[in-house]
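Residue numbers (my numbering), protein chains in the order written: chain Z, 2 to 270; chain H, 2 to 270; chain C, 2 to 321; chain F, 2 to 321.
Hints are computed from structural coordinates only; laboratory data are not their basis. Don't take every hint at face value.
Simulated pairs of lysine to any residue, SDA-like, Cα-Cα distance not exceeding 20 Å [as the list claims (entries may be wrong)]: (1) K89/C x D256/H; (2) K88/H x K207/Z; (3) K65/Z x E89/Z; (4) K234/F x A143/C; (5) K207/Z x P261/Z; (6) K140/H x N101/H; (7) K246/Z x K234/F.
One-sided and incomplete, this derived list gives chain Z residues near chain H with beta-carbon spacing under 7 Å [stated by the list, open to error]: (8) K51; (9) S82; (10) E225.
Note that the Cβ used here is the ideal one computed from N, Cα and C, for glycine as well.
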Amino acid sequence: MNKTLEEVVSIEFNRQIGIDTCLMGFRSTSLASLAKPGQFLMIHLGRETKDPLLRRPFSIHGIKDKNKLMILYRIIGKGTSLLSTFKEGDPISVIGPLGNGFNLPRPNERTLFVAGGMGIAPLFFLTQVLNEVQKHKFKMFLGFPTSQEVVLLDQLKDLNVDLSLTTEDGSLGIKGLVTDLLDQYLGQRLTKRPVIYACGPTPMLKKIAQKSFTFNLKCYVSLEGSMACGLGICQGCAVKAANSKDKPYYYVCQDGPVFPAEMIDWEVM
Amino acid sequence: MNKTLEEVVSIEFNRQIGIDTCLMGFRSTSLASLAKPGQFLMIHLGRETKDPLLRRPFSIHGIKDKNKLMILYRIIGKGTSLLSTFKEGDPISVIGPLGNGFNLPRPNERTLFVAGGMGIAPLFFLTQVLNEVQKHKFKMFLGFPTSQEVVLLDQLKDLNVDLSLTTEDGSLGIKGLVTDLLDQYLGQRLTKRPVIYACGPTPMLKKIAQKSFTFNLKCYVSLEGSMACGLGICQGCAVKAANSKDKPYYYVCQDGPVFPAEMIDWEVM
Amino acid sequence: MVSSPNLSVEIGGLKLKNPVITASGTFGYGNELIPFYDPSLLGAIIVKGLSLRPMPGNPPPRIVETPCGLLNAIGLANIGIETFIEEKLPFLSKINTPIITNIYGHTIKDYAKMAKRIESVDRIAAIEINISCPNVEEGGMAFGTDPDIAAMVTDQVVKNTTKPVIVKLTPNVTDITIIAKAVESAGAKAISVTNTFLGMAVDVATRRPKLANITGGLSGPAIKPMALYLVHKVVANVKIPVIGLGGIMDYRDALEFLLVGARAIQVGTANLINPKTAMEIVNSLTDFCVREKISNINQIIGGLKVNGENHEKGGDKKNK
Amino acid sequence: MVSSPNLSVEIGGLKLKNPVITASGTFGYGNELIPFYDPSLLGAIIVKGLSLRPMPGNPPPRIVETPCGLLNAIGLANIGIETFIEEKLPFLSKINTPIITNIYGHTIKDYAKMAKRIESVDRIAAIEINISCPNVEEGGMAFGTDPDIAAMVTDQVVKNTTKPVIVKLTPNVTDITIIAKAVESAGAKAISVTNTFLGMAVDVATRRPKLANITGGLSGPAIKPMALYLVHKVVANVKIPVIGLGGIMDYRDALEFLLVGARAIQVGTANLINPKTAMEIVNSLTDFCVREKISNINQIIGGLKVNGENHEKGGDKKNK
Ligand SMILES: Cc1cc2nc3c(=O)[nH]c(=O)nc-3n(C[C@H](O)[C@H](O)[C@H](O)COP(=O)(O)OP(=O)(O)OC[C@H]3O[C@@H](n4cnc5c(N)ncnc54)[C@H](O)[C@@H]3O)c2cc1C
Ligand SMILES: Cc1cc2nc3c(=O)[nH]c(=O)nc-3n(C[C@H](O)[C@H](O)[C@H](O)COP(=O)(O)OP(=O)(O)OC[C@H]3O[C@@H](n4cnc5c(N)ncnc54)[C@H](O)[C@@H]3O)c2cc1C
Ligand SMILES: Cc1cc2nc3c(=O)[nH]c(=O)nc-3n(C[C@H](O)[C@H](O)[C@H](O)COP(=O)(O)O)c2cc1C
Ligand SMILES: Cc1cc2nc3c(=O)[nH]c(=O)nc-3n(C[C@H](O)[C@H](O)[C@H](O)COP(=O)(O)O)c2cc1C
Ligand code: FES
Ligand code: FES
Numbered sequence: 002m003n004k005t006l007e008e009v010v011s012i013e014f015n016r017q018i019g020i021d022t023c024l025m026g027f028r029s030t031s032l033a034s035l036a037k038p039g040q041f042l043m044i045h046l047g048r049e050t051k052d053p054l055l056r057r058p059f060s061i062h063g064i065k066d067k068n069k070l071m072i073l074y075r076i077i078g079k080g081t082s083l084l085s086t087f088k089e090g091d092p093i094s095v096i097g098p099l100g101n102g103f104n105l106p107r108p109n110e111r112t113l114f115v116a117g118g119m120g121i122a123p124l125f126f127l128t129q130v131l132n133e134v135q136k137h138k139f140k141m142f143l144g145f146p147t148s149q150e151v152v153l154l155d156q157l158k159d160l161n162v163d164l165s166l167t168t169e170d171g172s173l174g175i176k177g178l179v180t181d182l183l184d185q186y187l188g189q190r191l192t193k194r195p196v197i198y199a200c201g202p203t204p205m206l207k208k209i210a211q212k213s214f215t216f217n218l219k220c221y222v223s224l225e226g227s228m229a230c231g232l233g234i235c236q237g238c239a240v241k242a243a244n245s246k247d248k249p250y251y252y253v254c255q256d257g258p259v260f261p262a263e264m265i266d267w268e269v270m
Numbered sequence: 002m003n004k005t006l007e008e009v010v011s012i013e014f015n016r017q018i019g020i021d022t023c024l025m026g027f028r029s030t031s032l033a034s035l036a037k038p039g040q041f042l043m044i045h046l047g048r049e050t051k052d053p054l055l056r057r058p059f060s061i062h063g064i065k066d067k068n069k070l071m072i073l074y075r076i077i078g079k080g081t082s083l084l085s086t087f088k089e090g091d092p093i094s095v096i097g098p099l100g101n102g103f104n105l106p107r108p109n110e111r112t113l114f115v116a117g118g119m120g121i122a123p124l125f126f127l128t129q130v131l132n133e134v135q136k137h138k139f140k141m142f143l144g145f146p147t148s149q150e151v152v153l154l155d156q157l158k159d160l161n162v163d164l165s166l167t168t169e170d171g172s173l174g175i176k177g178l179v180t181d182l183l184d185q186y187l188g189q190r191l192t193k194r195p196v197i198y199a200c201g202p203t204p205m206l207k208k209i210a211q212k213s214f215t216f217n218l219k220c221y222v223s224l225e226g227s228m229a230c231g232l233g234i235c236q237g238c239a240v241k242a243a244n245s246k247d248k249p250y251y252y253v254c255q256d257g258p259v260f261p262a263e264m265i266d267w268e269v270m
Numbered sequence: 002m003v004s005s006p007n008l009s010v011e012i013g014g015l016k017l018k019n020p021v022i023t024a025s026g027t028f029g030y031g032n033e034l035i036p037f038y039d040p041s042l043l044g045a046i047i048v049k050g051l052s053l054r055p056m057p058g059n060p061p062p063r064i065v066e067t068p069c070g071l072l073n074a075i076g077l078a079n080i081g082i083e084t085f086i087e088e089k090l091p092f093l094s095k096i097n098t099p100i101i102t103n104i105y106g107h108t109i110k111d112y113a114k115m116a117k118r119i120e121s122v123d124r125i126a127a128i129e130i131n132i133s134c135p136n137v138e139e140g141g142m143a144f145g146t147d148p149d150i151a152a153m154v155t156d157q158v159v160k161n162t163t164k165p166v167i168v169k170l171t172p173n174v175t176d177i178t179i180i181a182k183a184v185e186s187a188g189a190k191a192i193s194v195t196n197t198f199l200g201m202a203v204d205v206a207t208r209r210p211k212l213a214n215i216t217g218g219l220s221g222p223a224i225k226p227m228a229l230y231l232v233h234k235v236v237a238n239v240k241i242p243v244i245g246l247g248g249i250m251d252y253r254d255a256l257e258f259l260l261v262g263a264r265a266i267q268v269g270t271a272n273l274i275n276p277k278t279a280m281e282i283v284n285s286l287t288d289f290c291v292r293e294k295i296s297n298i299n300q301i302i303g304g305l306k307v308n309g310e311n312h313e314k315g316g317d318k319k320n321k
Numbered sequence: 002m003v004s005s006p007n008l009s010v011e012i013g014g015l016k017l018k019n020p021v022i023t024a025s026g027t028f029g030y031g032n033e034l035i036p037f038y039d040p041s042l043l044g045a046i047i048v049k050g051l052s053l054r055p056m057p058g059n060p061p062p063r064i065v066e067t068p069c070g071l072l073n074a075i076g077l078a079n080i081g082i083e084t085f086i087e088e089k090l091p092f093l094s095k096i097n098t099p100i101i102t103n104i105y106g107h108t109i110k111d112y113a114k115m116a117k118r119i120e121s122v123d124r125i126a127a128i129e130i131n132i133s134c135p136n137v138e139e140g141g142m143a144f145g146t147d148p149d150i151a152a153m154v155t156d157q158v159v160k161n162t163t164k165p166v167i168v169k170l171t172p173n174v175t176d177i178t179i180i181a182k183a184v185e186s187a188g189a190k191a192i193s194v195t196n197t198f199l200g201m202a203v204d205v206a207t208r209r210p211k212l213a214n215i216t217g218g219l220s221g222p223a224i225k226p227m228a229l230y231l232v233h234k235v236v237a238n239v240k241i242p243v244i245g246l247g248g249i250m251d252y253r254d255a256l257e258f259l260l261v262g263a264r265a266i267q268v269g270t271a272n273l274i275n276p277k278t279a280m281e282i283v284n285s286l287t288d289f290c291v292r293e294k295i296s297n298i299n300q301i302i303g304g305l306k307v308n309g310e311n312h313e314k315g316g317d318k319k320n321k
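Starting from the given sequences, assemble the full structure and let the hints guide the process.
This is the structure:
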């Protein structure tokens, strides 16, 4: 198992950067030195209360100055609502870094990033890291339901990303789903076969995985799953393995969250 | 039943004024116009969470400018810890004013206030109100465990209070309990029989009640009790009635929290 | 034209304008109802549990908060059925919604006597039998854990009244469906699931139980998953309607119970925290139906999808 | 000189350095134990429930959070007893504290076979029998709700091992003391109270159960009052030691269970939230004893004061 820490950190900033979307940063030199793109943190939000009971998983969204970590989150329920009320200086307990990160592409490999909504969180960190070692542009398809939810456009441009944006209602960028862009893209004659890195809602990942099989492309997906512990203990975060003879289920927190698409049984997803 | 409101108010200030003791104020013209000394509020502290589940009762500690209410509270557990993290502008739901307040003394009656710890909260409001109509000094015995917990001394002096302070460890004022002062005081030849108004921990109130019986003094006590609703619905806040034939139990929230001492069966307290 | 959704449901011949009922012991008798809203808006009101003669209730402390739960040992403190009818019912009678009395007896005869007395009172629409109170020495829960006694109590009440009889079950049993079937056979027109779960709490500082009664009944959000499970199980095993309750705090909780097949729901502990809860649930259910284009709330009842199939509707099917 | 308090307790001949045990399914098998602290500090470790052959577990979603609770339907996913002994035990053996296996069988014979297998493994200190899992089709809880079957399972295990046998009971019964007495008579050396409570949750948006298994077992702070009540009740009815668990999150919760008479406690769900919980409870219990001038933890066990009297101590008295 990778090295894992439990630390009580102090929030440096926690601000809304879009409709229901917030960016939270805290300082931890030790976590920052361990964290890799694709890994996540389990954050305890209860403080004085036992409701919410469980920690909540969040991808590591970026590292700054070698000692600051960031998470990007959407307010969707009890835990994230509570989190959004936390202020600078408030203490929170963080466990991490957890799970296996992305396998970095080889220097000459072409990459294609596909992100849906908050799926941008870990992919942003990945481009940030790749940007330091690779010079060429990264192609990214990024989708949101509507323009009001779109975040990070400027930051992605700074990161040398060749971005195509979709919104479902067409209020910004191209109207449609990111998977439509993928269809189009893969429909073209490709000079070089890209490696796909995808993160977002499960139905989106399923489509992308199936495309990757059709076009015989290497594809990494970062999955979500209901998690209690994030530590490989509770066996709550099961996903069905494609080749279920050896191992019927993988555990997202331990075996993932990033999986080569072919490892997963997409039928049941 | 008295008129009762449920209102979501916005916190104007919420600051620590002593070790583990805070003062919180909010604006509500309607509650301020109804509130009488001795009444209390049920405050919902959960907001995003269901733990703490029940509202918490707090005495009305004072009214300012006819539209601001204050509560004085000690951080002792989950609910009060949470409350202490609330900031200016945070919304909270308040139900009140609840219960029966103090019967005001007649203009020529001598009064004696006895407060233990947070028992000062409602008595402060009472002196505030009396101060507007009466000119003479109010005698008050006020006790805390230790000097660090002492609050409101200056404010009480502004209110024309003739204050005797005790701390259990003698770190400020007279060493001992407020009830020691009462013993001494009642041991003297009294020219005028005072009406006692007491609020504080139950063992203190019990002693005071018994003294009042011995000396045949009118005595009002403001009781606490485990409350779920504060509205007379759940029957949770029972206290045994002295004359339990008519009514075996009183309900602190509805029949109190202020009771003439002789109404209560102190044996079982 | 947008027509407002039909929220009305029927429980054992009793027509309710909506499926939201206030639970016994959490909404008072009548004039204690806090005038935070017009109670006529509710589907029905179940009053505090009544016994043949007044009961003082248990010594304090009677309540203690637990994580997301409320542990109570009120001990059925009540003014007795006669005083209720004389002093409280006149006020309640002005409310334009069915008034249901919740009754508790020390003996089976007590239940029968109360049923007879209530039979003569027009303004009481139905009787909920409490055979599930954990906080009294005699009767109470003991009656609710034995199918034969539960059936006998039900039978005696049914024989003495023409009003619909609802039996409120205790969750503290191995197989609630056995009790449910027993009271159904004995003539119950509906079943309320569930009363409180047995629990206790200890004050570590004093080393004493936090409740004077030592043990109490647990209610509130903590019990919701268990209550929902029991409702789901009972619905699948009886033909009569089931009224679901246990930890319902908002309309989403209410929908969970309706989806598993509850014909109506009761709001208990939530009333104590936010006295407007029941009314807000009525409003939110209406909004929900409008939003989801549901014209009749009965389309939701039992609408749980399991493996692509709809869950069988409570009351519309055979035992199995 | 301040001597450090003696926290050691004895469970059916097994000496524990302190009464804090990690509950089955919430602390992993062994090398998955997160190295947040040295597990040798614990009183004992109970590993994830094992079956004769590997079990895949239930399809996801397997867990859902409820108010102050965790509903799980893991379905006893496990690698089987053989693989456990081969692959996991070597690591566990390095830990200087008793390792207890929690076993589950589809049939009574399964239990017997596993007991026999474990008997040959020195490093396993005791066996906890799980007759209370609500998340499997066969066996599991069904065995734990019938006193005769519970006794038969116990008897078969006891016959096949010389190690202390602990039986873990389900709370989902009308009278837990009947089951407790049955397994005591059948030779159990201790009883763990309690496993999870049956529950379910519904996703209102999709109208589906939130768990693929539809129902699950509820654990966590929500169940603490009920678990404590059951421990209190079992302690009063058996002579063998009772191990208390259910919703213990900190040392105060642990003390509540010890005060009602639990000889030791288990930490379950709390491990998943704060992996250091069990160790912190050991430390805080030590501090508590020092602060309160308690030289031996056994002075606390059963120390509940009821009406001025001390509660009878678990294990030191007659049935009643
Ligand atoms: C490995 C991993 C990494 C993640 N990274 C991020 C991230 O970087 N940023 C971010 O915003 N979120 C991320 N998530 C999702 C995040 O954990 C959830 O949004 C959060 O737990 C919701 O908590 P809540 O209490 O606000 O919502 P709850 O009150 O728990 O749930 C509200 C509603 O959302 C649903 N829901 C809860 N969790 C999820 C989920 N994981 N996926 C889909 N629906 C869900 C619930 O069923 C419910 O209907 C990640 C999840 C995983 C497993
Ligand atoms: C009518 C009334 C008026 C009150 N006015 C004030 C006030 O003006 N200022 C103020 O600070 N407090 C006041 N209280 C007490 C206040 O309500 C409690 O301190 C508060 O509810 C504690 O909540 P908590 O969640 O922080 O503590 P919890 O976590 O609920 O409890 C922490 C510990 O304190 C004990 N405890 C809880 N409530 C009480 C209580 N009422 N009395 C004694 N011990 C208790 C618990 O048993 C537990 O051991 C009043 C109580 C009543 C009934
Ligand atoms: C303070 C209180 C008093 C109660 N009194 C009664 C009663 O008199 N009769 C009864 O059948 N149930 C009584 N109950 C149980 C509730 O009606 C309800 O069954 C239970 O609380 C579960 O629902 P809830 O979680 O919504 O509260 C009482 C519950 C509480 C909290
Ligand atoms: C994720 C999870 C897995 C569990 N697996 C087992 C198991 O394999 N065997 C068993 O006897 N109990 C199992 N349990 C039950 C716990 O050991 C414990 O009895 C229960 O959770 C109550 O304690 P708690 O509230 O402290 O968690 C499991 C519980 C959880 C939450
Ligand atoms: S979340 Fe517990 S094993 Fe993955
Ligand atoms: S607190 Fe509910 S009746 Fe007094």
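Status of the hints after comparison with the structure:
no.	hint	result
1	K89/C x D256/H	18 Å, holds
2	K88/H x K207/Z	44 Å, violated
3	K65/Z x E89/Z	17 Å, holds
4	K234/F x A143/C	16 Å, holds
5	K207/Z x P261/Z	12 Å, holds
6	K140/H x N101/H	23 Å, violated
7	K246/Z x K234/F	46 Å, violated
8	K51	5 Å, holds
9	S82	5 Å, holds
10	E225	22 Å, violated
Checked against the numbered hints given earlier, the structure breaks hints 2, 6, 7 and 10 and satisfies all the rest.
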